[in-house]
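Assemble the whole structure, with the sequences as input and the hints as a guide.
There are 2 protein chains.
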Amino acid sequence: MDLAFVLYPKMTALDLIGPYEVLGHQEGVTAHFVAATPDPVTCDAGLVITPTVTFDELDRADIIVVPGSGVWEAALADGAVAAWLRKVHPTATWTTSVCTGSTLLAAAGILDGRPATTHWAVRDRLAELGAVVSTDRVVRDGSVVTGAGVSAGIDMALTLVGLIWGDDRAMFTQLGIEYDPRPPYDAGSPETAPGELVTLARSLLSGSAT
Amino acid sequence: MDLAFVLYPKMTALDLIGPYEVLGHQEGVTAHFVAATPDPVTCDAGLVITPTVTFDELDRADIIVVPGSGVWEAALADGAVAAWLRKVHPTATWTTSVCTGSTLLAAAGILDGRPATTHWAVRDRLAELGAVVSTDRVVRDGSVVTGAGVSAGIDMALTLVGLIWGDDRAMFTQLGIEYDPRPPYDAGSPETAPGELVTLARSLLSGSAT
Numbered sequence: 001m002d003l004a005f006v007l008y009p010k011m012t013a014l015d016l017i018g019p020y021e022v023l024g025h026q027e028g029v030t031a032h033f034v035a036a037t038p039d040p041v042t043c044d045a046g047l048v049i050t051p052t053v054t055f056d057e058l059d060r061a062d063i064i065v066v067p068g069s070g071v072w073e074a075a076l077a078d079g080a081v082a083a084w085l086r087k088v089h090p091t092a093t094w095t096t097s098v099c100t101g102s103t104l105l106a107a108a109g110i111l112d113g114r115p116a117t118t119h120w121a122v123r124d125r126l127a128e129l130g131a132v133v134s135t136d137r138v139v140r141d142g143s144v145v146t147g148a149g150v151s152a153g154i155d156m157a158l159t160l161v162g163l164i165w166g167d168d169r170a171m172f173t174q175l176g177i178e179y180d181p182r183p184p185y186d187a188g189s190p191e192t193a194p195g196e197l198v199t200l201a202r203s204l205l206s207g208s209a210t
Numbered sequence: 001m002d003l004a005f006v007l008y009p010k011m012t013a014l015d016l017i018g019p020y021e022v023l024g025h026q027e028g029v030t031a032h033f034v035a036a037t038p039d040p041v042t043c044d045a046g047l048v049i050t051p052t053v054t055f056d057e058l059d060r061a062d063i064i065v066v067p068g069s070g071v072w073e074a075a076l077a078d079g080a081v082a083a084w085l086r087k088v089h090p091t092a093t094w095t096t097s098v099c100t101g102s103t104l105l106a107a108a109g110i111l112d113g114r115p116a117t118t119h120w121a122v123r124d125r126l127a128e129l130g131a132v133v134s135t136d137r138v139v140r141d142g143s144v145v146t147g148a149g150v151s152a153g154i155d156m157a158l159t160l161v162g163l164i165w166g167d168d169r170a171m172f173t174q175l176g177i178e179y180d181p182r183p184p185y186d187a188g189s190p191e192t193a194p195g196e197l198v199t200l201a202r203s204l205l206s207g208s209a210t
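Heads up: the sequence lines are chains A and B, in that order. Take 1 as the starting number for the first sequence in full-length UniProt numbering and just add one per residue. Take 1 as the starting number for the second sequence in full-length UniProt numbering and just add one per residue.
Hints in this document: simulated from the structure, not taken from any laboratory. There's no promise every hint is true.
When chains are identical, the list treats them as one kind, so a pair holds in a single copy or across two.
Stated by the list, open to error - Under the rule of at most 25 Å between Cα atoms (straight-line distance), these lysine to any residue pairs were calculated in the SDA-like manner:
{"hint": "1", "residue 1": "K10", "residue 2": "T50"}
{"hint": "2", "residue 1": "K10", "residue 2": "R169"}
{"hint": "3", "residue 1": "K10", "residue 2": "D39"}
{"hint": "4", "residue 1": "K10", "residue 2": "T52"}
{"hint": "5", "residue 1": "K87", "residue 2": "D141"}
{"hint": "6", "residue 1": "K87", "residue 2": "T54"}
{"hint": "7", "residue 1": "K10", "residue 2": "Q26"}
{"hint": "8", "residue 1": "K10", "residue 2": "G28"}
{"hint": "9", "residue 1": "K10", "residue 2": "E27"}
Small disclaimer: the values here were computed from a predicted structure and weren't measured.
Here's what the structure looks like:
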């Protein structure tokens, strides 16, 4: 089973590495890191990841994972990821996104009229791009699974492991990564965080249209 | 403020990328990725990360983050990380670990008689290495902060942001990464996972002495 983890400049690493850690250790999988060129990709806080294959070289994958970015409109404008998704999504078993990676799925036409989730600050933008936006943390619609912001990739991928390999395998994976979360604050959603922090975060993350 | 994210072969990427995503976007920080050599480092499920500096070149850091590995005994036997920690820990403001990264702190003498946590499956081994082992998800003792297995790095780093920059900044960060966890199963700790999965995971992860 071939896993394609998509890389692009200024992506948010945790969006990708959560699902990678959950999916990448399953038996019989091969993890590919696919980008526009073979050059190392620099993420938005400086991490440098080396691709293993390019968009031109990889024609198919069983599972595709598309991460988001704090400057997601640049990836949207660039178009390279969306163009590749148009090529590989029709034959993929699962096409997934985390955070604003959903906007790239939408740009490829994959979310037209389809239920999907995204980072809480860009819900309006994803709706403008054609999706039926949900506030759920993980949304599955047929072969497409979307996760909310950044850390939601872990929940998204555990859900996917359960769908593919069953509950026992998903629970074993959760136990292996000791995913028994204990956030030291209760500020992980716009419903629970202080209002002024929500306003500030929205202004930084939501893009030009909101 | 200089952040040193430690890299070594077959490390577990999420151990490092959780804290990286939480700490790396704070104002005034510079993220360094430090390894034994400048060569790209391959993680335990195939992700390739490029170091920005070597152990020889980096003499100090304000915050050090040491990830773990599913084959943690190899890093312990290699000795390179522990040797570097002996050099830089005395002048670091914060020395931290996630998962079995704690065993490397212990090997450097940093955890002698000190409260610390680690992946649930290696608690006995960490005690043998001299730490006073806690089952807490995050343990702070003076300048040393340790996190439990893999995903606990997110909780560890949010705790650290609160200690350094205050509660508002930590909550803002939590909101930015939408860390409102909703695991699809309740199997993230040995207390809640099915017993046979705990036994299997322990046999794979605990190392040769248990």
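Using 25 Å as the alpha carbon limit, work out where K10 and T50 are close: within a copy, between copies, both or neither. Answer is both: 14 Å inside a copy and 15 Å across each meet the 25 Å cutoff.
First find the shortest C-alpha distance between K10 and T52 inside one copy, then the shortest across copies, and answer within, between, both or neither for a cut-off of 25 Å. For K10 and T52, both the intra-copy (18 Å) and inter-copy (17 Å) Cα distances are at most 25 Å.
State whether the alpha carbon distance between K10 and Q26 is at most 25 Å within one copy, between copies, both, or neither. Classified as between; 16 Å across copies, 28 Å inside a copy.
For K10 and R169, with the copy left unspecified, which applies at a CA distance of at most 25 Å: within, between, both, or neither? Classified as between; 22 Å across copies, 33 Å inside a copy.
Please work out whether the CA atoms of K10 and D39 approach to 25 Å or closer within one copy, between two copies, in both situations, or in neither? both (14 Å within a copy, 22 Å between copies)
State whether the alpha carbon distance between K87 and D141 is at most 25 Å within one copy, between copies, both, or neither. Within one copy only: 20 Å inside, 52 Å across.
My question is about K87 and T54: at a cut-off of 25 Å on alpha-carbon distance, are they close within one copy, between copies, both, or neither? within (13 Å within a copy, 40 Å between copies)
Please sort K10 with G28 into within, between, both or neither, judging by C-alpha distance up to 25 Å. between (30 Å within a copy, 18 Å between copies)
How do K10 and E27 come out at 25 Å by Cα distance, when the copy is not named: within, between, both, or neither? Between copies only: 17 Å across chains, 31 Å inside a chain, cut-off 25 Å.
Checked against the numbered hints given earlier, this structure breaks none of them.
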